[in-house]
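Got chain C; can you put chain A on it based on the hints?
Residues per chain are reported as follows:
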Amino acid sequence: MGNAVKIVLLLITVIAVGTLVMPQTASLFAGQHWWYNISGNGNQVPCQKCHADVYEELKYSYHKNLGCICHRANLSITYAEVQGGSITNYTPGKQAHAATTVACMLCHQINASLNSSMPGPFAGAFNVTAFGATSNFRYSNATFNGLCAAHNAFVANAIKNNTLKDSTEACIACHMKVNITLNFHTMRGINIVTKHVILGYYALTGLNESYINVTSNTFTYTNVTEVKP
Amino acid sequence: MTSKILPAVLIGVAITALFLLYSPHSTSLFVGDHTMFNFSNNATTGIIYVNTTSGKTEYCKLCHYHIWEELYSNPNAPHYDLSCETCHRFNGTGVKFAVINTSAHPGMQAHAAYVPSCLDCHGGNGRYVRDRFGKLVYAPPAKVFNDTITVNHHNVTVIPSIPYFAAHKAMVAYFEKEGDENLACLMCHTNVTKHMVFSYQYNLNYTLYDWIFTSFAPNGTRYANITVNTSAIFNGMHEFLPVKDINCSSCHKNIYLGLINGTHAPIYYAWRWGPDNLWNNPRYHALAEYGLTLNTSWINNSYCDECHNLYRYAEENPTANATYDLYPAAIEINSTKIHCAEKVSCLTCHGSGKPYDPYPVTGNIGHEDMLNETANYSRMYHGDVCMGCHEAAIHGTASCSKTCHAGYAGFDIQSEPSGVDRWI
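Each protein sequence line maps, in turn, to chains C and A. Residue numbering for the first sequence follows this note's numbering, starting at 7 and increasing by one per position. Residue numbering for the second sequence follows this note's numbering, starting at 14 and increasing by one per position.
It is possible that some hints are incorrect.
[To be verified] Which residues of chain A face chain C? A few of them, derived with a C-beta cut under 7 Å, are:
| hint | residue |
| --- | --- |
| 1 | MET49 |
| 2 | LEU75 |
| 3 | TYR78 |
| 4 | TRP81 |
| 5 | VAL112 |
| 6 | HIS124 |
| 7 | ALA126 |
| 8 | LEU149 |
| 9 | TYR151 |
| 10 | PRO153 |
| 11 | THR206 |
| 12 | VAL210 |
| 13 | TYR213 |
| 14 | MET393 |
Hints were generated in silico from the structure; no laboratory data involved. Glycine residues also receive a C-beta, built at the ideal position from the N, C-alpha and C atoms.
Looking at chain C on its own, in the form it has when it is part of the complex (with noise of 0.2 Å):
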């Protein structure tokens, strides 16, 4: 018997043998009917399994014993939750199923215990109104005014823009090790125009006294680019 014979036996007996063994219809993705008991206490999905950056990110991080739970802490969101051990006692999301996006003021604005579930520590202090922002969460009030405050425009003007919730583009340009790319308008150049006034007579010197006064200022700017790493 040649080879080349030989070899076509074999392949047809594996063939047999896999047709036998192998399940008549298999479903599209391997585990989708192997469902997660999420009738424990806590949170039993893996988040990690999809956002696993995330994860590795998160566990090296001030906020490591957190986990995910900021994404479920929002007091006025209604979140998909089995309780006490039994599919049966259930509650179906209401604003949200499983997460919600979530600022970092909804834990570190004043008196964070009233609308959240994990309160940190409050982000004292922003005054975000004198640059014509408004908020959902508290910034600041008469003792934590905020007012004197180097980066309440940046803030002020993160709330206004929608890329992320609120001012949390703010937030994580200062205290994520996210690397940012800004671009700083910024002044340069003072310009004044002054003018000789004649102020008239003076007892304290027995002068006509007259000084330079300047009238007006004006600023120029340049644009300098800074990279944080």
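For chain A alone, kept in the frame of chain C given last:
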């Protein structure tokens, strides 16, 4: 050919399959947006550090590197020894900043930083601040401008009064009224680009007969456009200048050129009057004989100080102090009370009854009357009136056939930077 392509395709398919298997199924919007900095506050210096991939670094520097670079560009500059936190987290105003150490403390008036007023440290009697090495250093008061009130810790600083004799009073008051008196400080103390337009009379014509004014007419407007450029590298706002590098002539170039051209002060002496003054000392304001080359490097801050900061000049020039007995004069005028320059006219020292009144020496009552009459004209014209006669050019070359000595004098004095002083 096929035998080479097929394995390559199979390997590519395998790599793609592995990538798809192990790559995250979704990604966050910004890489790193769930990785927080851990802050470490240095308890001694107050500097906040964070760890990055390149190691431990100053926190502010991450976003404000150019400012950091400016601040530390000159080892001789003021504030070279300070940190960002020294000024922007200064704790002497009552502003409470957010702090994370063993626990978190929210800020009250500010979170990470505030925009300080220069006078927060340099107002009042000055303040001790912590430098970047942890040492307490003294921030001296900006005399004259240091009488400040900070309102409700809201970073609103009010200067209740600036005395009339302070040069730059109007500038500081203007920027204070505009809401940021720091800009006045930046003008002189940093390398920020400055552009100034000064306007004043184009010329002054006056005539005298027997020391009595018979006409007096300022005319027209002269504009002096002066630009002082910062370096190409920096914006200049945090590039503080060593005090010795604050050059009066940079912003007052019209005055500098006026001096070279023979006006503003009697910088030249002429053969008719000789090198000595009425008190038999070398002429105080003179740097050269008229007609000879003037060493312009002598027109420097020290020369300006001769009139505008007499006390400092006396301190720095003991020989001149002894020769001209400057201390009593410095105290009599307001030189000991100023920040950098006193607003003076010739009459401040040479007016009737003033420290260097010429009358007791000359006995010339006509000249004294003229000085008193000059005082009735606006201060801005005093120097021009004096320079009508005292500009060396007049006495260096003019004919005396119809001079003051014959009872009549008439001059057309052009303002700085011109040196034109014509007989009319």
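So, going through the hints one by one against the coordinates:
1. MET49: holds (4 Å)
2. LEU75: LEU75 of chain A check passes; min Cβ-Cβ to chain C is 5 Å, inside 7 Å.
3. TYR78: Holds, about 6 Å.
4. TRP81: Violated: closest Cβ of chain C sits about 10 Å from TRP81 of chain A, beyond 7 Å.
5. VAL112: With a minimum Cβ separation of about 10 Å from chain C (threshold 7 Å), the hint on VAL112 of chain A is violated.
6. HIS124: holds (5 Å)
7. ALA126: Since chain C brings a Cβ to about 4 Å from ALA126 of chain A, closer than 7 Å, the hint holds.
8. LEU149: Cβ of LEU149 of chain A sits 23 Å from chain C, so the hint is violated.
9. TYR151: violated (24 Å)
10. PRO153: violated (24 Å)
11. THR206: The hint holds - THR206 of chain A has a Cβ within 7 Å of chain C, the shortest such distance being about 3 Å.
12. VAL210: Where the cut-off is 7 Å and the nearest Cβ of chain C is about 5 Å from VAL210 of chain A, the hint holds.
13. TYR213: Holds - the Cβ of TYR213 of chain A comes within 7 Å of chain C, reaching about 4 Å at its closest.
14. MET393: holds (4 Å)
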